[in-house]
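The residues making up each chain are set out below.
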Amino acid sequence: MRIRGAGFAWPGRSLFKGIDLNLAAGELVHLRGANGTGKSTFMRICAGLLEPASGTIDCTPGIFEYLPAENNGFHLKLGAADNLRFWRTLRTGKTCTDAEILALLRRWSLAHPLVAGTGAFRGVLPVAKFSTGMKRRLALARLELDGARLWLLDEPVSGLDEEAVATFKDALEKHLSSGGAALVISHDTRVFTGLQYRTLDLTGGGQPARRGG
Amino acid sequence: MMNNFLLIFRQTLRAEFADRERLLSPLLFALVILVMLAFTFGEPPAENRPAAFVAQVFLSLVLATQTALARAFDPEQQDRAFDLLRASPVDPAAIFMAKLLVVLLQGVSILVPATVVSALFCGLEVPGAALVKFSGLSLLTITGLGSLGVTLAAMTLKAHARTVLFPLLYFPLATPLLLAGTQGGIAIISPESVPVAGAMAGSWVVVSLAANTIFLTLGILLFGELVKSD
Chain A
0 MRIRGAGFAW PGRSLFKGID LNLAAGELVH LRGANGTGKS TFMRICAGLL EPASGTIDCT
60 PGIFEYLPAE NNGFHLKLGA ADNLRFWRTL RTGKTCTDAE ILALLRRWSL AHPLVAGTGA
120 FRGVLPVAKF STGMKRRLAL ARLELDGARL WLLDEPVSGL DEEAVATFKD ALEKHLSSGG
180 AALVISHDTR VFTGLQYRTL DLTGGGQPAR RGG
Chain B
0 MMNNFLLIFR QTLRAEFADR ERLLSPLLFA LVILVMLAFT FGEPPAENRP AAFVAQVFLS
60 LVLATQTALA RAFDPEQQDR AFDLLRASPV DPAAIFMAKL LVVLLQGVSI LVPATVVSAL
120 FCGLEVPGAA LVKFSGLSLL TITGLGSLGV TLAAMTLKAH ARTVLFPLLY FPLATPLLLA
180 GTQGGIAIIS PESVPVAGAM AGSWVVVSLA ANTIFLTLGI LLFGELVKSD
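Here the protein sequences come in this chain order: A and B. Under numbering that gives the first Met the number 0, the first residue of the first sequence carries the number 0, and numbering increases by one thereafter. Under numbering that gives the first Met the number 0, the first residue of the second sequence carries the number 0, and numbering increases by one thereafter.
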C-alpha cells in the first residue's frame, strides 16, 4: 500500500495533511496519536471507506482486511461458524471445513459447544450473545482464516484478556514473517513488544514514520 | 460475480431466517391490514368485489413490503458488516441483486397469504386462468417495488432522517407500479367491468414492465455509487 500526501478535514477542522506512507511486505506500522487526531479516520481512508480530502491511496483491491474499532463486521443473528465461513468464501473463493473452523476456534479459546458446535448444535449461540471480548477474538480468528496480505486493525486487542492478546501477537508475528503487512492502531503497546515496527504519529497533523521496536 | 451473488444471497437469507421478528412482522402487518379492512367494510357488494379484492391485496402488499424494505440493510448495519462488504472485492451489483432476491421472496411470502385471505374476505372466487395472470402481474409489481426499495434503502443508509426520508421517496416513485398493478389487476379479475379488458390489461403490464426496467437498471447502475466511500 502506498499513500501520498493524504489529508482529511471535517468542516471547520483539519485532522491531518500530507501523510506519506509506504507499507511493504513484512512491515508493521503503529499508527498513533492522541484521541481525536484522526487515526480511525485515516484507517477508514486506507480501507477505501472514506475519500481523502487530498492525496492518493494506492492499494490493490482485495488484498487487505479491515477491522474497525468498536465493531467486528458480523451478522449478529448468525453463529460463529456461519460468519467465518461466509467471509472466508467471499474473500478467498475457498470454503473451509468444520474441522478447520473448530481448530481455529480452539486456538482463540472459543471452542465452547454452543459457539463451536456442529450438526444439531450449529449456530445455537448467535454472535449477538457473545461478550465483547469473544466477538473480538472471533474477528481476529477471521483475520487468520481469510489470510489477507494486509491487515488494517483499529484497536484489535480492545477488550481482550492476556491470553487472547498473546494469541493475537502470535498470529501477527506469523502474518509478518510470512510476508504480510499490518497497519495497527492500538493504545495497548503490549501488541508491539518484541516486534520490529515503525510509528506514524498523527498528533499535530501527522509526523513522518520512524522506526521503533 | 455469480458466486458472490449466491454467497451473499444465502447469507442474507440465513440472517433473515435467524431473526423471526424481521421475517414475520411484514406478513403479520399485511394480515392485520386485511382483517381490519374486513371488519370495517364487511363483505363488499357483488359488483365491487373484484376491485375490493385487488385493492386489498395491493394495499397490504405495498405497506408490508415498505416496512421490510426500509430496514433491508439492518442486519449488515448492526455490526458494520456492510463496511466490510464495501471494503471487500465484491461487485456492488452482486450485493444489490442478492438483496433484491431476498426482498422478492419476502414479497411472495406476503402475496400468497394476502391473495388467499383477501379472496376469502371478499367472498370472491377467482378463476384459475385469471389467478395465474393476476399472480404474474403481482410478481412484476413486487419486483419493481423491490428494485426501487433496495435502491432507496441504500440511498438513505447514511441519512439521519432515514425513517422519514424512505417513505417520502418510496411512495411517490412507486405510484406507476401500483397504478399498473391495481388497474391491470381489475382488468384481469373482472374483464366484464372494463371495456376492452384484454388490451387494457396488456397496456398496464407494459407500464409495469417499463417501470421495472427503469428501477432495476437504475438500481444495478447506481448501487455501487450509493455505497462507495463517504
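One or more hints might be untrue.
Pairwise CB distance ranges (calculated) [said to hold, decoys possible]:
| # | chain 1 | residue 1 | chain 2 | residue 2 | range |
| --- | --- | --- | --- | --- | --- |
| 1 | B | 1 | A | 25 | 54 to 62 Å |
| 2 | B | 160 | A | 112 | 38 to 46 Å |
| 3 | A | 128 | B | 111 | 50 to 58 Å |
| 4 | B | 5 | A | 131 | 51 to 59 Å |
| 5 | B | 119 | A | 106 | 32 to 40 Å |
| 6 | B | 166 | A | 99 | 22 to 30 Å |
| 7 | A | 202 | B | 163 | 49 to 57 Å |
| 8 | A | 108 | B | 119 | 53 to 61 Å |
If you only want the chain A side, here are some residues facing chain B, beta carbon under 7 Å, derived [claimed, not checked]:
| # | residue |
| --- | --- |
| 9 | 46 |
| 10 | 47 |
| 11 | 49 |
| 12 | 52 |
| 13 | 56 |
| 14 | 58 |
| 15 | 61 |
| 16 | 65 |
| 17 | 70 |
| 18 | 72 |
| 19 | 74 |
| 20 | 75 |
| 21 | 77 |
| 22 | 88 |
Quick caveat, the hints were computed from the structure, so don't treat them as lab data. Just so we're clear, the structure is a prediction, and the values are computed from it rather than from any experiment. Heads up, the beta-carbon is just placed ideally off N, CA and C, and yes, glycines get one too.
Earlier hints that do not hold, by number: Violated hints (numbers, rising): 1, 3, 4, 5, 6, 7, 12, 13, 14; every other hint is consistent with the structure.
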